[in-house]
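Student: Counting from 887, one number per residue, gives the positions in the sequence shown under this note's numbering.
Simulated from the structure, these hints should not be mistaken for lab results. Just so you know, these numbers come straight off a predicted model, no measurement behind them. Take these hints with a grain of salt, some might be off.
[As the list claims (entries may be wrong)] Computed Cβ-Cβ distance ranges for the label pairs, DEER-style:
(1) H915 - A1033: 55 to 63 Å
(2) V946 - S988: 50 to 58 Å
(3) T943 - A1033: 23 to 31 Å
(4) T949 - A929: 51 to 59 Å
(5) P932 - G965: 48 to 56 Å
(6) S927 - N966: 57 to 65 Å
(7) I980 - P960: 20 to 28 Å
All C-beta atoms in this analysis are idealised placements derived from N, C-alpha and C, irrespective of residue type, glycine included.
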Amino acid sequence: MCVKIRLIFALLSGVSLAGSCPFLLSQAHRAIVLGRVVDSSGAVAPGVDVKVIQKSTNVVRSTVTNNSGNYEVPGLFPGNYRIEAALSGFKTSIVDDVPVESGQRVEINHTLQVGKLTDSVTVTSDTEILDRANADVNTVISQEKLADL
């Protein structure tokens, strides 16, 4: 009885390990961009919006710095990236053309400079009336187009 339980446990352990291998292998080629954001006096900057933008695809991964001013963006594909750090009242810090290779941990630190207040711009436009209860599409077809059909 005890041998059967050990055998079943060993088989289940082996199956669970084998099942996780493809997942682990698929993550092996991914990279991590991490760093710390401070202000011009060297004080940590929590709550900073950090964007990591893959330049070839314009895919954006976003995060926010923690209470220590640190950020980490895992799971990045190899390529060139642009890293932006932005916080209200400060100029946006941009590091462009950061090469990221497979399995690499790239550290990019930012120092935010005090910015000046700028005018705010509010963009408004008229929106079309949308009937959310009905998915019908209506259009007008001219007599000429109808004759062509």
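Student: Compare the structure with each hint and give your call.
Tutor: Hints versus structure:
1. H915 - A1033: 55 to 63 Å: 58 Å, holds
2. V946 - S988: 50 to 58 Å: 21 Å, violated
3. T943 - A1033: 23 to 31 Å: 45 Å, violated
4. T949 - A929: 51 to 59 Å: Given about 20 Å between the Cβ atoms, the range is violated.
5. P932 - G965: 48 to 56 Å: 29 Å, violated
6. S927 - N966: 57 to 65 Å: 31 Å, violated
7. I980 - P960: 20 to 28 Å: The hint (20 to 28 Å, Cβ to Cβ) holds, given that I980 and P960 are roughly 21 Å apart.
Violation of the numbered hints given earlier is confined to hints 2, 3, 4, 5, 6; the remaining hints are satisfied by the structure.
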